[in-house]
Structures are given as structure tokens and as C-alpha cells.
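So in the UniProt record's numbering, spot 154 of the sequence shown is number 154, and the numbers just go up one at a time.
Rather than coming from a laboratory, the hints here were simulated on the basis of the structure. Among the hints, erroneous ones may be present.
Here are the simulated EDC-like cross-link-like pairs (lysine to aspartate or glutamate), alpha carbons at most 16 angstroms apart as the crow flies [claimed, not checked]: (1) Lys10 to Glu121; (2) Lys259 to Glu176; (3) Lys19 to Glu174; (4) Lys218 to Glu277; (5) Lys127 to Asp51; (6) Lys19 to Glu69; (7) Lys280 to Glu248; (8) Lys18 to Glu121; (9) Lys128 to Glu176; (10) Lys25 to Glu174.
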Amino acid sequence: MIRSMTGFGKAVAQLPGKKVTVEIKSLNSKGLDLNLRLPGSHREMEVDVRDLLANGIQRGKADIGFYVELTGADEAPAINAEVVKGYVRQLNGIARELGLESDVLSLAMRMPDALKNESREVSDEEKKAILDTFSEALEKFNTFRSREGDHLEEDLRGNIQTIRDLLAAVPQFEEERIVNTRERMLKALENLEAKVDENRFEQELVFYLEKYDVNEEKVRLAGHLDHFVESLAESGVHGRKLGFISQEIGREINTLGSKANHVEMQKLVVGMKEELEKIKEQVLNVL
Numbered sequence: 001m002i003r004s005m006t007g008f009g010k011a012v013a014q015l016p017g018k019k020v021t022v023e024i025k026s027l028n029s030k031g032l033d034l035n036l037r038l039p040g041s042h043r044e045m046e047v048d049v050r051d052l053l054a055n056g057i058q059r060g061k062a063d064i065g066f067y068v069e070l071t072g073a074d075e076a077p078a079i080n081a082e083v084v085k086g087y088v089r090q091l092n093g094i095a096r097e098l099g100l101e102s103d104v105l106s107l108a109m110r111m112p113d114a115l116k117n118e119s120r121e122v123s124d125e126e127k128k129a130i131l132d133t134f135s136e137a138l139e140k141f142n143t144f145r146s147r148e149g150d151h152l153e154e155d156l157r158g159n160i161q162t163i164r165d166l167l168a169a170v171p172q173f174e175e176e177r178i179v180n181t182r183e184r185m186l187k188a189l190e191n192l193e194a195k196v197d198e199n200r201f202e203q204e205l206v207f208y209l210e211k212y213d214v215n216e217e218k219v220r221l222a223g224h225l226d227h228f229v230e231s232l233a234e235s236g237v238h239g240r241k242l243g244f245i246s247q248e249i250g251r252e253i254n255t256l257g258s259k260a261n262h263v264e265m266q267k268l269v270v271g272m273k274e275e276l277e278k279i280k281e282q283v284l285n286v287l
């Protein structure tokens, strides 16, 4: 089973005096790119949180939101009373001088250092609760990824089957291709008004057609298609592996096209290439 690199997970926990929310969103990326910002009050947890996220996300460009909402009076930041009083006195003086009316207290509370930034050590209980919240968000995030992976797998299997169907249609044109090639060569000799040695002509025709034989390409392409489908059923991270197999599929399709020498076979090859491009786009989003 495969998983998508696109995911979303959210978890909320109510702690004493505060509510914490964790949101994880990710898009595809070649490696792991974590965008995490913790508030200063919880900065000491960053290493533990990053380790947890790295193990759970593995690959992708991930944005992690961590929000703290204070719900208890004990957790509210203290007002720096002396600083606020100083602001109020100055603002009142300016207002009287200019003949203005204003809500000086509201304005003073928005001035620098109006609130005391007292750093509090996060308790072990709170750390565990927060890490558990991150774990819950990760679980929902990976469930989302698995669900998206199921859709990806269904699409990829459909693309592979379409290439199989097109490949199965190739043999019906191979006999016609030999006949057409023989007729073209005979006509060319007739135009030259040259005397034809039938035995030598047949030998040269066989040699010529051997260069355009596509049996090996058909066998190898079928093998790569089988390998791709088998890899879809494997566990673990296989986005890169599927990408490598896609490259091998592309090589065989290109060789098949260069040897086709037949309009209808070329059309089949074009159809295979179209499906392969869809596969490559989808594989970029596989974990």
C-alpha cells in the first residue's frame, strides 16, 4: 500500500488553564522539510517535537502550527502596572495639550512592555500532554495520507493497465510491418531497374528486420510493468523506487517507438507515453 505526501491532521487538547491546538499540513517534496515554530514559552520542547515529527512525516514539505489559548486567570500575563501608569500620565498630558479626547488606557495597554513577559518552565506533565497532542495530530495526518494513497494507487494501476492494453495491441501490426517493408524495398529496387537475386534479397530483408525487432522491448516493458504493480503492494516508503521503475518503463517505450517503423504502432507508443507522463506526475506525490 502506498501513502500520499499530501496530508492534514489536527488535534486539540485542554490543559489546566490553556487549550493547545496542533495542525499539520504537507505537500510533496524531494526530502523532509519541516516548518515549525514554537512560542517562546515552549521553545525548550523543540528538539523533542522535531524528532517526533520527522519520524512520523518522513518526506514532504510540512507546515506545523502550534497554538496556545489561555483559558484560566492564573495563566493570564501580568500587567506591568508602573509602566502602564507612566504611559497614561504622558498620554493624558499630550491629550490636554492638544485638546484631544482619547481612550488613553486602551492605548497604553498596546504600548511596549505593558505586559510582563515572565518565562515559566513547562512542567513534565504539560510536556507529555503536548507531545501526546502532536502524536494524535500525526495519527490523523497519516490516516489522511493513507486515504489519499488509496486514490493514488487506484489511478496508477489504471495507468499501468492502459499501457498493458496498448502493448498487447502491438503484435497485430508486426506482420503488416514486415509486408510493407518488403514491398518498399522491392519498389526501390524496381525504380533502380536492378536485377534482383531473390535469395540475397530475402537474406538482406531478414537482416534489416532484425534491427527493428521489438520482442525484447516488449518482454522488458511487460516485466517493468509487473515490477511497478508489485511495488505498489509493498510496505514502507517507495515513491523514489516507483520513480526509478518509471524511468525504465520510459526507456523501453522510447526504444519501441524508435523501432516501430509503422504508423499504427507509433500511435500505440504515443498512447503509452501519455499514460507514463500521468504516472510520473502521480509518483511525485507518493511518499
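Q. Has the given pair, Lys128 with Glu176, been kept, meaning a C-alpha gap of at most 16 angstroms?
A. violated, 73 angstroms
**Q.** Given hint Glu69 paired with Lys19 - CA-CA distance at most 16 angstroms
**A.** holds, 5 angstroms
Q: Would you check the hint for Lys19 and Glu174, treating anything up to 16 angstroms between C-alpha atoms as holding?
A: violated, 70 angstroms
Q.
Please verify whether Lys218 and Glu277 have alpha carbons no more than 16 angstroms apart.
A. Distance of about 19 angstroms is beyond 16 angstroms: violated.
Q) Are the Cα atoms of Lys280 and Glu248 separated by 16 angstroms or less? A) holds, 12 angstroms
(Q) For Lys259 and Glu176, compute the direct alpha-carbon distance and say whether it is at most 16 angstroms. (A) holds, 14 angstroms
Q: Sort out whether Glu121 lies within 16 angstroms of Lys10, counting only the CA atoms.
A: Answer violated: Lys10 to Glu121 is near 26 angstroms, above 16 angstroms.
(Q) For Lys18 and Glu121, compute the direct alpha-carbon distance and say whether it is at most 16 angstroms. (A) holds, 15 angstroms
Q.
Can you confirm whether the C-alpha distance between Lys127 and Asp51 stays at or below 16 angstroms?
A. holds, 14 angstroms
(Q) So if I understand the rule, the pair passes when the alpha-carbon distance is 16 angstroms or less; does Lys25 with Glu174 pass? (A) With a Cα-Cα distance of about 51 angstroms, the restraint between Lys25 and Glu174 is violated, given a limit of 16 angstroms.
Checked against the numbered hints given earlier, this structure breaks hints 1, 3, 4, 9, 10; the rest are met.
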